[in-house]
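*Asks:* With the sequences and hints as input, model every part of the structure.
Order-wise, the sequence lines are chains A and B. The numbering of the first sequence is our numbering, which starts it at 1 and goes up by one. The numbering of the second sequence is our numbering, which starts it at 1 and goes up by one.
No wet-lab data here; the hints were simulated from the structure. Just so it is clear, the structure is predicted and the values come from calculations on it, not from any experiment. Please note: incorrect hints may appear among the correct ones.
Here's a subset of chain A near chain B, in silico, CB distances under 10 Å, partners left out [said to hold, decoys possible]: (1) P65; (2) G155; (3) I159; (4) S198; (5) A203.
Here are the simulated lysine to any residue pairs, SDA-like style, with alpha carbons at most 20 Å apart [said to hold, decoys possible]: (6) K55/A to E133/B; (7) K182/B to A98/A; (8) K258/B to K290/B.
Note that beta-carbon positions come from the ideal geometry of N, C-alpha and C, so glycine has one too.
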Amino acid sequence: MAEQSSAVARYGHGSRIPGWDDSVDLSKDPAVVPDPATTPVPDELRAQIEAAMAKYPNFRSAAIPALHAAQDLHGWCSPTAIEQAACVMRLTPGYLTAVATFYDMFETKPVGRQRVYVCTNISCSLRGGKEMLEAVKAAAGDDPDLNVRGFECLGACDIAPMASVNGEFVGPLEPADAEQLIADLKEGREVLPDKQLSRRACADPGARSDG
Amino acid sequence: MADKLLFDRIDEPGLDTIEVYKRRGGYQQLERALRMTPEEVLQNLLDSGLRGRGGAGFAMGKKVSFLPRGGMDKYLVCNADESEPGTFKDRELMQKSPHMLIEGMVIAAYAAGANRSFIYIRGEYELQAMKLEAALIEAREAGYLGEDILGSGHSQTLYLHRGAGAYICGEETGLLDSLEGKRGNPRLKPPFPANQGLYQGPTLINNVETLATVPHIIRMSGTEYAKLGVENSAGTKLISISGNVQRPGNYEIELGMKARDIIYGLAGGPEPGREIKFWFPGGSSSPVLKPEDLDRGYDFDSMARAGSMLGSGAIIVVDDSNSVVDVALTLAKFYRHESCGKCTPCREGTNWTVKMLERIHAGDATPMDLDIIASVQDQIMGNCLCVLGDAMAMPLSSMVAKFRDEFEQYIEDKRAAAGLGEIPEPTPIEIAGAAA
Ligand SMILES: Cc1cc2nc3c(=O)[nH]c(=O)nc-3n(C[C@H](O)[C@H](O)[C@H](O)COP(=O)(O)O)c2cc1C
Ligand code: SF4
Ligand code: FES
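*Replies:* Set out below in structure tokens:
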């Protein structure tokens, strides 16, 4: 057998996946749909999820909206968040965990509440997106309230390099903006108001209203 | 140059409200379409020659005509996932003129006989989702959505569904699974969504821009719309230009315009003193083109003849200050991250490609690695369930083929910098049992 690369962490029998050769723990009960009697769900969260379920021919379609709502409340898709959503939707927590792990916006580990997604995809990296991410990370330090992440193309390459700060798109950024961005965020101010995409006019001169 | 259709006075204050939209003639095309029969509306779509604006460029009218007739539950889904790197046109349209999309969706659903419709918008577009949600409430109150719309007998619900960050949910069948509340893994085709789509019902899926164009086709008539643009590429197109240009942004052009006039004329070209090294004509999934292709027309056929594609209409310009190896690595990492993992050539191939490019980057490669990279791309192409695998393989193999010299030079320089010296002569590998 060929020697295995030492660069990749390997578990028993050479697998990269922990636990694959452990037998199933038969003493454990199978995952069940959480019991409403013993699973308290905040009223507002329940109302949000139930409203979402009513929009679709099949209630399961509300899985993503339910996870968004639960994450907004709990800060991340914690076991409690998943359990509450599963309880309202009458699904197993395992089902919702499988869904949550597929999507980048769902956090499966505890993170700060303030989201800063810095784009490092192609158009942004041509204009310094990767350096921008480093600058924002440095400015954020280890503040536990901040969740600074590199992100794939956010659909705003016209303001590259850019970031999404709690959903507000800002750019074009310069490394010097990082301090201001983090300071605005920490102090609850509007973040870099004159760099917000929402205030930007269309680039096409033929689209101007005076026309 | 044709007048703007989609971007006509797009920055007019309040255009996102029904009041201003209607004052400008909004929803009149819906009224007009509902006075026609669905067949007449469909005929206009067929006549218009409108091709899908989401990437694949399939004729929209034809797709509508694939849906079975009859009274079963049929669905219309608008693909607003817009995650193809370099693409940001739907964002501007939804944010500034959400009612145009809604009007187009009701007309398209009427032609297709669909009574339930959804907009699947990427989760990161929070402002755009808010604008659409507000516009949907206005449209329902005004009776443009709901039961028996304007007394036509056509009923339709339309809901907004927010995704949560996954490029693969832009692929139409991945989108459907995601909308059904699952992981967004693409499905095997056939059956195509027109036969078995959302909840197994016949489903029409179109891009935001495609659907927003529909009211304009009704206003002008299909045959008039078809006069815009060039053969096989009718109409106007929203172009997103980004990367190394001086005026990045969205522009509406008539298809067939010279690529040079778009990149230099509209977007100002690269910074003074810089030259274009290569450009992606249709998002990061399109094979790259060189400066000598700039005099081609920007339309479906011309881009295909150049060996690339129009894709989503997103032009990414890379100037000579950037290394092709860095761009290739960024690109490959994106596809590795976004591969859903369902099929082996894509899941493993994207990973191998990243690892080999990283090896080149680290100065630990030989030119033979370039052949291996090329061969991995060959083995991905055509062997996957959806085209995400091909979407990496196509641009990547075009980069290696067109910039082989630069790759080799890079390998050599990096080896020298790492103190590894000359590239060793390749030694034939002895394989036990193989004939000498
Ligand atoms: C990996 C992948 C990602 C895609 N992303 C999008 C997207 O974000 N938006 C879109 O409209 N089409 C996207 N498409 C194309 C869709 O599958 C589909 O062709 C399109 O939505 C059809 O609409 P159209 O005919 O109006 O273009 C993607 C395709 C693939 C393979
Ligand atoms: S090609 Fe890639 S993204 Fe598409 S289904 Fe296969 S593994 Fe998933
Ligand atoms: S590449 Fe950064 S927003 Fe598109």
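*Asks:* Please go over all the hints and tell whether each is borne out by the structure.
*Replies:* Hints versus structure:
Hint on P65/A holds. Least Cβ distance to chain B is approximately 7 Å, under the 10 Å limit. The interface hint given for G155/A holds, since its Cβ lies 5 Å from the closest Cβ of chain B, which is under the 10 Å cut-off. Given hint, I159/A at the interface with chain B, holds; its Cβ is 8 Å from that chain's nearest Cβ, closer than 10 Å. Evaluation of the S198/A hint against chain B yields a held restraint, the C-beta minimum of about 6 Å falling below 10 Å.
Because the closest C-beta pair between A203/A and chain B is about 2 Å apart, less than 10 Å, the hint holds. Among the hinted pairs, K55/A with E133/B is consistent with the structure: their alpha-carbon atoms are about 13 Å apart, no more than 20 Å. Between K182/B and A98/A the alpha-carbon distance is near 8 Å, which keeps this suggested pair within the 20 Å criterion. Note on K258/B and K290/B: the hinted pairing holds, with a Cα-Cα distance of about 14 Å set against a maximum of 20 Å.
This entry satisfies every hint, going by the numbered hints stated previously.
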